[in-house]
Amino acid sequence: MAQTTEQRYRVAPVRPRGRQWPFPLNLYQSAVGRKWVMAVTGIGLIGFVLVHMVGNLHVYEGPARMYEYAESLRTLGGGLVPTSTILWLMRAGLLSMFVLHLHSAITLSRMSGNASEKATMVSGAKKYEGGRDHVAATYASRTMRWTGPIIALFVLYHLADLTWGWWLGDDFVAGDPYHNVATSLSALPVAILYVVANMALAWHIFHGSWSMFQSLGVNNPRYNHLRRAVATSLAGLILVGNLSFPILTQAGVIDEDGRQCPIGKVEGNACLAEQASEH
Amino acid sequence: MSSGTNSSKHGDTIDVTLKVWRQAGLVDTGRFEVYQQTISTDASFLEMLDQLNEQLNDDGAEPVAFESDCREGICGTCGVMINGRAHGPQKATATCQLHMREFRDGDEIVIEPFRAAGFPVVRDLAVDRSPLDRVIEAGGYISVNTGAASDANLTPVPKVAADMAFDAAACIGCGACVAACPNSAAQLFTSAKIGHLGLLPQGQAERWSRTEAMVETMEEFFGSCTNHGECSEACPKEISLDFIAFMNRDYMKAKVKNRALAGQR
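Heads up: the sequence lines are chains L and X, in that order. Going by this note's numbering, the first residue of the first sequence is number 144, and it counts up by one from there. Going by this note's numbering, the first residue of the second sequence is number 3, and it counts up by one from there.
Note that these hints are calculated values from the structure, not bench results. Treat the numbers as computed from the prediction; the structure is a model and nothing was measured. Each hint can be trusted.
Distance condition first, Cα-Cα at most 25 Å in a straight line; then the derived DSS-like pairs of lysine-lysine:
1. K21(X) <-> K270(L)
2. K21(X) <-> K93(X)
3. K21(X) <-> K261(L)
4. K93(X) <-> K11(X)
5. K93(X) <-> K270(L)
Okay, the calculated bits of chain L under chain X, using three or more residues with CB under 8 Å as the criterion:
6. 158-172
7. 274-282
Built from N, CA and C at the ideal position, the CB exists for glycine as well.
Let the hints inform the model, and build the full structure from the sequences given.
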């Protein structure tokens, strides 16, 4: 043939292929590989959220047990490693998963935006002038780009609130999580913020924990119906557990009325440590 | 076959208002134009457009450009967005197989081209879907010895593999999945092609290089899948989302295997 396809008009690629990085980094160059990274880091982050939620249930056992739980996180590894080593390793892992999850999410949604007409960063999905009649996409799946940033901002707020103690000021007592939680969540606006953010988190996990099966290729038509059930129960479990803290603080279940130890970094924590050692 | 949304009788006619996307060419910005049509409920959607074009022709106006070929739902040439749905409201139906009995008297019907950056509008409702051809070129083939035909049934094909490959092979490449996808991803199309060839014994020789090449070519033109599931709902051949999961699995295996085989390539 005189005319080859090369000579004809061609649609230009939106995302021309560059040089391949060495294996296994080249996996991250492709969108499918990046979705794997999102899924794997998502599993890690859901694992953290679950452990975090279950650990926080110690708050219902009173200040001493909560102190004991916080202390045992710092002394993970026992006498084998210096205090807080394992905790910091886990924090580093968590941070890198968070960064990878965010980076892949941002770059992939930009890729989809570039491949779609009339999509903007603010509204990532493409537009049809006549409207778009969604059939299968759930509210959760279409709002991942909103629940994601809400969760990221909330995590920063949450760290500033209960890890660094920025907002509590003099009321913040390092090493006394029960006191800090009870003080912070007893303010109604803070409690509402925690409720809203945790609802966003549950929405995000509802789509994410179903979607990760597809991204990882974990698919067997015989068991596929279970994937939705797993996602629903995971999201529900995390929602109920995490919402219980602000709601029950507001209801007066978590308060310091029955507290036996004084509040303070030196005397108070020493008293809590003594109570915990009797356990 | 009817979705049962309408109780129209044979021979009924309805009046519909069409809001049709008109665009003179690639660089034109385009706009909607409104037309009135009185049409038999027995007419197909494309016959309704044919009738509109005859009227436009008689009036000396430019007819609406749209693509169609077989008009029996098997070629994948036709396809427009009808009221925000690729191929219109009826499930598992290409535009040409959609009939006006799916609409009611007085309905407004918004007709737009399939949209994606990879599908530039050539004119009115016709888009250039050649990026799908680029994906096929990258690996949508198998190698066979030519010459004397081999015996029939020489290669045993497991029944389950044959069934699944057939489901995937039903893809007509119309591009509705890309049009329906909020991300303009072509995962359903590509995974159907990869699934079709990758499930059969005849497709094993190129299975891993095919998966890698087709996925990476797809990613040059289209967006990234977020597992909404809109593609499968829009698909006139009801290709399952399962194929996307199989493709994701095969792609990861391919990246590892192709590296292992690299010394031999």
